[in-house]
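Please dock the two separately framed chains into a single complex, following the hints provided.
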Amino acid sequence: MKYPDNIESAIKNFCARKRAAVKTTTELDRRIIDEALLAQEKWKKTQSAATQPNIWRIIMKSPITKLATAAVIAVLVFGGISFWPSGSSGNGQWWLGPSAVWGQEIIDSLEKIEALVYRQRSVSVRDFGPIQMSRGWEKRYNAKDRYRRDRYDDGKNIMNIQWVIPDGTDLLMVEVSLEYECYFERRNEAYGFIPSPVEEMRRYVGLLDKADRILGTKEFDGQKCIGFEVSASKYGDNPDGRFDRIWFDLKTKLPVRIERHGLRYSFDAGRSLTIIHDQFEYYAKVPVDLFKPQIPEGFIKAHPDEIRAAKDKEKKGEMVYAGVSAGLKDEIIAALKKVETASYHDVASRICFSKNAWRKDYFSDEQLQRNEWYIFDTEGMSETGFEIDEKVPGLTQINVYHMNNTYQVLSYTADSQPRHPMNRILFLAGLIDRADRVLENEKIEGIECLGFEISAKKYGDNPDHMKHRLWFDVKTKLPVRMEFQSLHDNVLRTEIKNHFKWNPELPTDTFISKIPKNFNLVESNGK
Amino acid sequence: MTIVSFETDLADSGMLEDKLLVWKFKRGSADALQRIYEKYKNDLLALAIALSRDRATAEDVLHDVFVSFAQYADKLQLRTSLKSYLSCCIANRVRNMNRTKPQRTMQLNHTGTIGSDCDGPERLAISAEQSERIEKAMTELPYQQQEVIILHLQSGMRFKAIAESQGVSINTIQSRYRYGLDKLSSLLNSEVEK
Chain A
-10 MKYPDNIESA IKNFCARKRA AVKTTTELDR RIIDEALLAQ EKWKKTQSAA
40 TQPNIWRIIM KSPITKLATA AVIAVLVFGG ISFWPSGSSG NGQWWLGPSA
90 VWGQEIIDSL EKIEALVYRQ RSVSVRDFGP IQMSRGWEKR YNAKDRYRRD
140 RYDDGKNIMN IQWVIPDGTD LLMVEVSLEY ECYFERRNEA YGFIPSPVEE
190 MRRYVGLLDK ADRILGTKEF DGQKCIGFEV SASKYGDNPD GRFDRIWFDL
240 KTKLPVRIER HGLRYSFDAG RSLTIIHDQF EYYAKVPVDL FKPQIPEGFI
290 KAHPDEIRAA KDKEKKGEMV YAGVSAGLKD EIIAALKKVE TASYHDVASR
340 ICFSKNAWRK DYFSDEQLQR NEWYIFDTEG MSETGFEIDE KVPGLTQINV
390 YHMNNTYQVL SYTADSQPRH PMNRILFLAG LIDRADRVLE NEKIEGIECL
440 GFEISAKKYG DNPDHMKHRL WFDVKTKLPV RMEFQSLHDN VLRTEIKNHF
490 KWNPELPTDT FISKIPKNFN LVESNGK
Chain B
743 MTIVSFETDL ADSGMLEDKL LVWKFKRGSA DALQRIYEKY KNDLLALAIA
793 LSRDRATAED VLHDVFVSFA QYADKLQLRT SLKSYLSCCI ANRVRNMNRT
843 KPQRTMQLNH TGTIGSDCDG PERLAISAEQ SERIEKAMTE LPYQQQEVII
893 LHLQSGMRFK AIAESQGVSI NTIQSRYRYG LDKLSSLLNS EVEK
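For the protein sequence lines, the chains are A and B, in the order given. Residue numbers are given in our numbering: position 227 of the first sequence equals residue 216, and the series is strictly consecutive. The number in our numbering is simply the position in the second sequence, starting from 1, with 742 added.
Just chain B, with the same shape it has in the complex (with noise of 0.2 Å):
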């Protein structure tokens, strides 16, 4: 009778689940860590320079999120899935970093160019001004919304997840959300109708 060898099964099979990941991570498995760090790398710097407006920032944090994320192996203990986790890392040190640093201002030029090859100039140039505009309607609004908005529309995190991780009750966190929507709204519309 065949008895399951369930590592086996994966590593053959070529998927490394994130439960696997994390399994094989908190045995001390440098293969583990190094396949996190590939798998999540662009989308968390992606969402440390969202939240912290600054790539200079955005690298250290993520830098800083995954040195922490090596030395505590043992204590990790997964409630949501490894994104979503790794992804409260970052929110956390970005919210950190700006209780003890003063506020950055955006740096526009830092977050890279939008717009994908698929994208003809005209479309390239529209896209680009509704981000600009978009991007410049962001920094309206107070930094919970913002990173509310973001951890959901970018991360694509729950906000059941989010309001975890943040300690707060689910409300709070769909209140912020849609206040943000509704002023992100309301400033949007009151540029382009003057």
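Next comes chain A alone, as it looks inside the complex (with noise of 0.2 Å):
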């Protein structure tokens, strides 16, 4: 008899044979549940004999401690683990005092918390421009045993609701997109369930000790906070550039905000996201009925991504794929990222960036037509681009019109303002491995290239004749040409960027507008 060959079921079907057949006797659980129950009261003890008034006058400072139980107690008289740097917490700077006494303060507090109420956002944070605050945002009510999610997409409306609830000796989660008007649900606890904020609050006061740095203090929402930064590869398998910060409140010590800073989008290279949760309402009152999933009368049950995917199908055809691997695309993303300058050509226009700028120069006939210059206000941004003020820097454009002696001048906020035309490329070099088909290898303004076309239907709502065609150095990996193909009006139509210069030394007053003497200014909106 050869052995099963999968040695990992018979293996498993063996433990689980033994594992029946174990039973504990009655004497044994006498004995385990007696020593457990006395070794319980004496730890009772323990904790009640701490509670001495005296303990209580050194320790309660504030309204907090008052929530803190004997564990608080417990670590102070038995000396409990210093895990922060030496400090005075005289001076009402307690979080320069040992964190094993506010540390615990804040875990005990947070464990009398039965429902908590906050709201999550993202902040997308561009390797080129600005930062941006996300339109959509989630309010979350968690409990003990239960959540609810909704999702206002569009930043005004429910738009989708997730609910996870206790449903006999398992978890049901239940979620209804308004959207796509459809339900679907999932027994499983590892599906969906966000993880316990509470408990989220709890590891990273555990992990103060570890912090890279202090912050200092900062006011978010009228609550005085202290923040700390921590380095994701402090507690798991995070890569480089991931961090987090934690902000309590100075008088209550609770957390106030818990940033997860560059999270890497899977979609879009040029992007890193921030993850922010705050508005924290603590020992929240959370109507019973909110818990309770309502399917809207109509809703057809299917998961929103069938329906999405369905809709995609119908609207676009069947998508093809080339397989081009995510490590091509790495090499080319990675190349990209150390780009600081660049200058290429467009359909009718020259263009040049840097990072904070960019230029676009209009000819007909070799005459300048038209200078647009796009700089973003970055006065205040922090040298790592991104502190969590929450304010957005804006961007200038200035065009000059040299055929009617005019110029413009336009503001925009973060909310319309133009995309650096980096972010474009990266967005495109990042689809690669959705390609539809891998070009021949060709030579291109004399380098050796390799080239991808990429339908745009691979993307937001595109139609299935629109078609990008990338072609990169074989050596540099970076792009060579990029054409855009679409139809209109049943003619062809192909805009190329091409003449890629990578790194070049711009003249020092590339990106300083320049409006001759005798140009009049016209209709200079802000948007």
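Calculated cross-link-like contacts (lysine-lysine; reagent style DSS-like; alpha-carbon spacing at most 30 Å):
(1) A/K1 / B/K825
(2) A/K145 / A/K290
(3) A/K223 / B/K817
(4) A/K199 / B/K902
(5) B/K825 / A/K33
(6) B/K768 / A/K31
(7) A/K199 / B/K768
(8) A/K223 / B/K825
(9) B/K768 / B/K781
Source of the hints: derived by calculation from the structure; they are not laboratory data.
Next up, the structure:
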């Protein structure tokens, strides 16, 4: 008899049978329970003995301490773990004192929380150009054994609701998509179950001894806070550039804001994501009805992704994939991310850019028609490009029309800004692992290139007939030519970007707008 | 307007979910401690037997783990499920015992009869024979490999949780698991082909 090929399954069966055969005896149960209960009683007595009035007076400095239970005192009495650099707590700066004390206070306070309501938002951090707060956000209602999440994708209306509630010995997840008029259920704790925010907070407090730096004090929603920054590699297998920040209210010592920085977008290579949890409502009174799944009449039972995929298929047809490796895409993205400056030709203009500005010069018959400067107002932005102020820098566009001696100044807020050209390039390069086909290697502008054709239907709501063709230098992995083909009134149009120069030394005044003296200002509206 | 009373809701519905049990236990609930013991005692004893290969040792391990669990309720910080946490405690305790005591020899007689009531006599005999062979093959493995196989396949622990509990990388744990299975496969097949 050959032993079963699936050794894993055989061992699993063996273990299951063994496990089923093992039972504790009554005698053993009695012995263990008696001694465990005795140990528990001793522990309780120790806890209660520790609550002596003089110790209370020593540590009862803030109202939140009143919530802290005997565990705090146990830490004081028995020494505990001093995991914070020495410092004074006598000047009101409690965070400089031993975090074994105040960290435990926070943890104890968190343990008393029955329900927690908070907001989740995300911030796009672009390699080129400003950060951008997402329009959509979520409101989350977390209790010890259930939660509800309302997603406001358009910033105003609930588009998707998810509930996770106990159901017998299991957990039931119900999600309703108001956008696709459907709902679905899963009976699996792992599916869609967001980690308990209180547990997350506890984890962060436990990590404070490993904090990379204290961020200083800052005000959020009228609450003065002290912040800590911890590299995400300190608690998991996270890549470089991932870090978290947690901000505590100076008065209550409770977390006010948690930021997770440097999360990569799987889709848009030019962006990273920061997730922010804030507007915490501790000890929230949550109406019980809020946790009862409600499925609107007429909604069909299906996952929103299925409906979306079916709609896409109906509109766009089948998708074809050439199987380009993600590794090659990563090489290309890595090369692009090293770019500081560039210049290239577009359909009717010559474009050049740096990190914080770009410029377009339009020509007709080699005669300059128009200059456009786009300049980010980066004043006040930190070197890291992201101190969460929710103050997104604006963009100013200056157009100079040489044909009629006029100029125009346009100001944009974060919501309406034109995209930095490099963001577009990065976005397209990030699509190559979705390419429909790989083009044969060819020489373009004297450079050996590898090329890809990507249907624009692979993203957004684009129709079948739009195509991108991208060619990259085999050696440097940087773009050499980019084409966009579309159909207009049955006429095939191709827009070309070419003559790329990567990291050229641009004249120092490239991004300083020049308005000739006699030119008149026209239609300078803010946007 | 009704306000949710989570504790009452759960108690009324008869569902003592682990998180609530832990919450009560950390506040000194004797009921919660007993319930946790009742819920996991057999699985944990089976795990201790599988790791120590001795019922008497396994009973001591279970005893020590629960007494210690009760003693340090305030220090309990769950990052995995309660069952995984307790399984880790069992594994750690057995490992510590292995360090301080000489290796025991396998005592098959103490591990209990293998086979369920619905198995017929012939199948039961085959199962018993297979089980004996697997058990014997398991003893040939280095302890670290046995441990990860048992924790994963018997206790259902994820590799990540095992790695975290032992302070090693998940790759190390997965390698131990794979090497262990390969060796088991080789041992069992070479034995039947003789």
